[in-house]
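> If you want the building blocks of each chain, they are given just below.
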Amino acid sequence: MMDTMAIALGIRDALRRFIIGLVLYLAILLALPYSTPIFSALFPQLERPLYQQQTFAKLVAAHVMLVLVASFVAMVVGIGAGMFVTRPRGREFRKIFETLSAMGQTFPPVAVLAICVPVIGFGFWPAFVALALYGVLPIGENTVSGLEAVSPAAKEAADGIGMTPIQVLRRIELPLAAPVILAGIRTSVTINIGTAAIASTVGSVSLGLPIIVGLNGNNTAYIVQGAVLVAGLAIVVDLGFEALLSRLSRWKA
Amino acid sequence: MIEFRNITKAFGETVIVQDLNFKINKGEFCVLIGPSGSGKSTILKMINRLVEHSAGEVLFAGEPIRSFRPEILRRRIGYAIQSVGLFPHWTVEQNIATVPQLLGWRPERIAARITELLVLLNLDAARFRNAYPHQLSGGQQQRVGVARALAADPDVMLMDEPFGALDPITRESLQAELLRIHAATGKTIVFVTHDMDEALRLASRLIILEGGKIVQSASPREVLEAPNSSFVREFLGKDDYGLKLLSLQLVSERMKTVDIPCSPEPVKPDDSLHLALSRMVAAKANRVAVVGPMGERMGTLFLTDIVT
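The listed protein sequences derive, respectively, from chains E and U. Read in this note's numbering, the first sequence has 133 at position 133, and its numbers run on one by one without any break. Read in this note's numbering, the second sequence has 119 at position 119, and its numbers run on one by one without any break.
One or more hints might be untrue.
[What the hints assert, rightly or not] Pair by pair, the computed Cβ-Cβ distance ranges are:
id	chain 1	residue 1	chain 2	residue 2	range
1	U	L59	E	I166	40 to 50 Å
2	E	P88	U	K26	31 to 41 Å
3	U	G37	E	E98	48 to 58 Å
4	E	P88	U	A131	45 to 55 Å
5	U	I72	E	F72	53 to 63 Å
6	E	F122	U	G104	49 to 59 Å
It should be emphasised that the hints constitute simulated quantities derived from the structure, not laboratory data. Glycine is no exception: its CB is placed at the ideal position from the N, C-alpha and C atoms.
I would like the entire structure built from these sequences, with the hints used as guidance.
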C-alpha cells in the first residue's frame, strides 16, 4: 500500500515538475516581447536591447519543429536498427553497428553539421540531416543495450509458453528495454536542442539566431535572450523525459 | 502422449543425443534424471521445439511436432523453468493470464481461471493478484511460474529443474503440491532434475540418462530394487541407498495389528518407513504406534520388521 502510494506520488511529482517548468517557460516566452524596459536597464549602452527580427514564439516553434522532426527520424532509424541487430537474422550486423556508432560519437555534433553544408547547402535541410544522423547513435546504442539487458529467463519463458517472436519483442523485450531506450532518446534530444541552436550558423531558423546576431553585433542582450530560451527549452524537455521515465518504470518500485 | 522415435540431436560436431526412443503415456509423471551433460534438458526442450531435433521424429498427441507451428504447439504445453522467468513488468495476474490471452479467452474466463490457480497453488489472491514479481519470495515466484504454466490447462507440463534454486523447505512443500496437483488433474508431466531424492519422490517413472542414452527406465521402486547397472547404483547414492529404499515403502506394508504402548510420535499407514525409522531413532525406541486419520490406533511397527 505504501509502495503504491509512493509510486503514485513519484509520478505526480515528476509530472508536476514538468508542468510547472512548462508553464514558467511559456510565461517567459510570452513576457519577453514586453521586456524592453528590463533589458534597457540591464544594457543601457544598447540602442535596441530586444531582438525583434522574428518573434520569439516563431523562433521557439521553428526550433522545436527542427528538433522534433529530426529526433523522430532518429528514433525510427535508431530503434529499428537496434531491434534488427539483436534479432537472429541481424546478429551478423551487430559488430559493424557497434563500430559505426562508437566512431560516429567521436565526431562532435558541430562537425557533423559542418560536413552537411557542402553536401546539402544552407537552410533547414543540412540542420535536419545533421541532427537526425547524430541523434541516431545514442538511440541505437541504448536500444541494443536495453534489449540485451532483458533477462534471458523472461525471454526463454516467453518463447516456451508460446509467444511468437514478434509478441516476445512487443510485449516483453521492448517494454523492459523502454527505460534504457528512453534514456537514449533523452540524450539524443538534449544534444539536438543544443545543436539546433548552432544550426543557425548554416542558415536554419532556430533559437540560435538571436545568439549569432548578438555575437556578430556585440549585442549581449540578444545573446541572453536566445540563451535563456534554448536553455529553458532543454530543461523543460528534460523534465518531460523525467516524468515519462518514472511512468515507464512504475513496476520497479 | 509424447513419443521419441530415433531422435538424434547434434550441435555442430557434438552429438548430444543419439538414436533415442521412448514413450511417455498420458497421466505419467515422468522424471528425466542424469548428471550434467547427460542431455536431459535438451531432450525436454525438444518436446516443445525450443531445441529442434536433428533426425528422427517426435510425436505429440500422435502427431509429429513439426506439423504444428512452434507457438501453437507451445501453447498446448505448459513450461516452467528453474529461473522462473516471470515477466517483471507484469503483475502476478497478468503473468498467469499470458497463455489464456494468447489463446483469446474471454476476460471473465481468464479472471476465473486465475482465481482457481491461485487457490490451487496456495497463493492468497488478495495479497498476490496485483503484486509484481520482485515483491515475491523465490518460492512464491515459482508458484506463480507453475500457475502460469498450468493456466491454459495444457495436456502436458514440461518442467526444467523448477525447484532447483529453492531452499530445501520451500522445495519440499512445492514438491508436495506438485504431487497433489498431478493427482488432482491427471496431467502428463515431464520433469528434469539432477536431484535423485526429488526424482524418487515425484516420479511415477524414472528415465535415467547418461551421455544422451537411456540407462534405465522404470518406476522408482523398480529402479531402487533392481538397478540395472553400476552407473545407476552409484547415481542412487551408495551410502544412503538403503534409506532411499525405505522412503519408497509404506508403513502399512510392514505393520502388525497389535496394540502395545509406544513412546515415539505415531505414524500413519501411508507414511514412509523412512519416517517411521526416523521417529524410532529419535525416541530411542524399537517400535512405533500406527494410527489412522482420526488418531485411532491401527497397529504397531517394529524395528526388526523394517529390515526383514
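> Now look at each hint and say whether the structure bears it out.
Comparing the hints with the structure gives:
Between L59 of chain U and I166 of chain E the Cβ separation comes to about 28 Å, which falls outside the hinted range of 40 to 50 Å. Taking 31 to 41 Å as the suggested C-beta distance range, the pair P88 of chain E and K26 of chain U conforms, at roughly 35 Å. Taking 48 to 58 Å as the suggested C-beta distance range, the pair G37 of chain U and E98 of chain E does not conform, at roughly 34 Å. Taking the beta carbon of each, P88 of chain E and A131 of chain U are about 34 Å apart, not inside 45 to 55 Å as hinted.
The beta-carbon spacing between I72 of chain U and F72 of chain E, approximately 37 Å, falls outside the hinted interval of 53 to 63 Å. For F122 of chain E and G104 of chain U, the Cβ-Cβ distance of about 56 Å falls inside the hinted range of 49 to 59 Å, so the restraint holds.
Comparing the model with each earlier hint shows violations of hints 1, 3, 4, 5; every other hint is respected.
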